[in-house]
Amino acid sequence: MEYYSLDDILLDEQRIPVIFKHRIQNFGFLGSRTKVVPENKKVDAPYFLVGFLLRNGHCELDKEFPDEALLYDIRAKPSAVDLRSVCPYFFYLYSILLREKAFLSEFFYERVGDYSSLVLKREFSEDDVWKLDMIERGLIVCSRRMFQRFYSFFVTGNGKMVR
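The opening residue of the sequence shown carries number 13 in the numbering used here; numbering runs sequentially from there.
Hints in this document: simulated from the structure, not taken from any laboratory.
Incorrect hints may appear among the rest.
Below, simulated DSBU-like cross-link-like pairs (lysine-lysine); rule was C-alpha separation at most 35 angstroms, straight line [unchecked claim]: (1) K75 / K54; (2) K133 / K33; (3) K133 / K54; (4) K53 / K33; (5) K89 / K75; (6) K33 / K54; (7) K75 / K47; (8) K75 / K133; (9) K47 / K89; (10) K33 / K47; (11) K75 / K53; (12) K89 / K133; (13) K54 / K89; (14) K143 / K133.
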């Protein structure tokens with residue numbers, strides 16, 4: 013059995029284009045540890061690092077973010093977008109980084125509306141939620157659990173709550 017090395021995990025991370033506001037020493041998180049990033053330099057940094065850098069004022073998002081092709085797909089048909097391949101933590105990431113917060117909530121509401129029928133589905137599998145990001149997936153699974161408790165108690169009438 014092979015295990016991912018830390019470098020492989022970092023290589024697979026979602027990249028976000030940022031511009032540093034000042035010179036950064038030792039930014040080589042892969043390869044050389046002595047890499048220096050000059051001021052106003054555009055760098056594609058992994059998303060787990062970008063949130064911290066933005067919150068602490070070390071960088072700003074590049075004007076090209078988010079990718080217009082992705083936004084076009086989202087506007088066309090939100091439920092057709094495979095968020096798992098875009099970024100497994102899409103809503104968390106974009107809630108930190110996106111300039112248009114209203115756009116993100118509209119997108120979320122439409123996707124939840126399209127996938128809400130999964131809550132009532134009798135047979136449920138991983139195939140049903142493969143396009144969802146982790147927040148959507150958790151929301152659907154938790155909602156299903158609550159619905160099943162309700163159904164067991166009130167509809168089937170067995171009188172005891174299922175845990």
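To see whether the hints hold, each was checked on the structure:
1. K75 / K54: Cα-Cα ~10 angstroms, so holds.
2. K133 / K33: violated (50 angstroms)
3. K133 / K54: Violated - the C-alpha atoms of K54 and K133 are around 47 angstroms apart, more than 35 angstroms.
4. K53 / K33: It holds: about 8 angstroms lies between the C-alpha atoms, which stays within 35 angstroms.
5. K89 / K75: holds (24 angstroms)
6. K33 / K54: holds (10 angstroms)
7. K75 / K47: Since the Cα atoms of K75 and K47 sit roughly 24 angstroms apart, the hinted pair holds (cutoff 35 angstroms).
8. K75 / K133: Given that 35 angstroms is the threshold and the Cα spacing comes to 42 angstroms, the pair is violated.
9. K47 / K89: violated (42 angstroms)
10. K33 / K47: holds (16 angstroms)
11. K75 / K53: holds (13 angstroms)
12. K89 / K133: holds (22 angstroms)
13. K54 / K89: Cα-Cα ~31 angstroms, so holds.
14. K143 / K133: With Cα atoms ~17 angstroms apart, K143 and K133 stay inside 35 angstroms; holds.
Of the numbered hints given earlier, the model fails hints 2, 3, 8, 9; all others are met.
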